[in-house]
Amino acid sequence: MLFSVNDKFEHEFTVTEKVYATFIATFNDCNPLHIDDAFAQAKGFNSKVMHGNILGGFLSYFIGECLPTKDVIIHSQQLSFTNAVYLNNTLRFVATVIEVYESVSTVVFKFSFTNQEGKVACKGKIQIGII
Amino acid sequence: MERVEILENVKAVFIDVLDNEDIELSDETTAKDVDDWDSLNHIQLIVGIEKKFKIRFTSQEIQSWKNVGEMLNAIQAKL
Numbered sequence: 064m065l066f067s068v069n070d071k072f073e074h075e076f077t078v079t080e081k082v083y084a085t086f087i088a089t090f091n092d093c094n095p096l097h098i099d100d101a102f103a104q105a106k107g108f109n110s111k112v113m114h115g116n117i118l119g120g121f122l123s124y125f126i127g128e129c130l131p132t133k134d135v136i137i138h139s140q141q142l143s144f145t146n147a148v149y150l151n152n153t154l155r156f157v158a159t160v161i162e163v164y165e166s167v168s169t170v171v172f173k174f175s176f177t178n179q180e181g182k183v184a185c186k187g188k189i190q191i192g193i194i
Numbered sequence: 507m508e509r510v511e512i513l514e515n516v517k518a519v520f521i522d523v524l525d526n527e528d529i530e531l532s533d534e535t536t537a538k539d540v541d542d543w544d545s546l547n548h549i550q551l552i553v554g555i556e557k558k559f560k561i562r563f564t565s566q567e568i569q570s571w572k573n574v575g576e577m578l579n580a581i582q583a584k585l
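Which chain is which? The protein sequence lines are A and B, in order. If you count the first sequence from 1, position 44 lands on 107 in the working numbering, and the numbers rise without skipping. If you count the second sequence from 1, position 35 lands on 541 in the working numbering, and the numbers rise without skipping.
Just chain B, with the same shape it has in the complex (with noise of 0.2 Å):
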């Protein structure tokens, strides 16, 4: 899958999660950019682009990530 592609797919996660249409993610983007990322959302939003994608991460693995293009990264090394 190209990582644009991922991309839009992580987005659609956030869409639904969040519930806000007007999301916009980069590689750049962390949890302070996002309205109601927060600890509990992030749990959900994980939860959704691993059944999305039919991955599954260890908790190392998430703790690592310092933004979405790392998450981006993660999830294409998996596919």
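Pulled out of the complex, with its shape left as it was, chain A reads as follows (with noise of 0.2 Å):
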């Protein structure tokens, strides 16, 4: 097995302007939370607040594109969403192996993503499968 527990993987993403126009373009999710600063604020946010599901999309990259093997498929996730991500935000992600399955070739990571006021943007659990 290419993982063991408390393996820790670290990469660094940020929700660039690109980042954002291209969600909004993909899945326009237009909900001005999302597109209207002054809405946003109303409701107690700094600014308009970014898509969490962006950092499904970074969560996705870690997966396909970071690990040590390309031979990997997402079984399931589970995402929890602590703190607003805005636009230009730097996120430090940390991912951790938690728990390894030899027999279904599956390992199970927690993983984290952290802002630049080193506040938990969002926070889960991701099991892949090793194909």
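A hint or two may mislead.
[Said to hold, decoys possible] Quick list of in silico lysine-lysine cross-link-like pairs, DSS-like style, CA-CA up to 30 Å: (1) A:Lys173 x B:Lys517; (2) A:Lys106 x A:Lys182; (3) B:Lys538 x A:Lys173; (4) B:Lys560 x A:Lys71.
In case anyone wonders, no lab produced these hints; they're calculated from the structure. Predicted, not measured: the structure shown is a model, and the values here were computed from it.
From the two separate chains plus the hints, produce the assembled complex.
Structure (structure tokens):
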């Protein structure tokens, strides 16, 4: 098995204007919280809030491109959003292997995205298979 | 752990993973007898069973099972 419990992986992601615009152009989620600064501020946020599933996209990139093998498939994932992410925020991503199932070539990671202020913006678990 | 208790715990994993309260398992049950017991769900079933009983199998072990009864025997041997 290529992975062991406590193996740790790190990456840095930035929610650039291009990422944000592409997400909206692709999925068309134009809820005012995501596109209207005044609306978002009236709801208590600093400015428009980035879509949580942009981080889901970063997670997909991590699994697909950053692991020591490309022979992977995502079985399941669970994300909790704990702090808002704003345009141009840079997030430190850390994933740690917490479970390995050699019998079915399956690995479970816990992960977190932490913003520049040290606050966790998103955390969760993801289970992948080695195919 | 008694075999009947192992069976009940395995059945609970099947019900959770396959989201089907009506599942019944016996020693003779195979994947063909259970709706949605396909290759992807098989992975989730094995993960659920290994987690539930805090045991680990090898790929050779699980590939040798011909039915639920052989799965229960393998679980019992590790407890």
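Self-check item: 30 Å Cα cutoff - pair Lys560 of chain B, Lys71 of chain A
Solution: 23 Å, holds
Quiz item: Given the hint that Lys538 of chain B pairs with Lys173 of chain A, does the C-alpha gap stay at or below 30 Å?
Solution: At roughly 34 Å apart (the allowed maximum being 30 Å), Lys173 of chain A and Lys538 of chain B break the hint.
Quiz prompt | Proposed proximity, Lys182 of chain A with Lys106 of chain A (alpha carbon, max 30 Å) | solution = Distance ~20 Å between Lys106 of chain A and Lys182 of chain A Cα, so the pair holds.
Quiz prompt | Straight-line alpha-carbon gap Lys173 of chain A to Lys517 of chain B, limit 30 Å | solution = 27 Å, holds
Violated hints amount to a single one, hint 3; each of the other numbered hints is respected by the structure.
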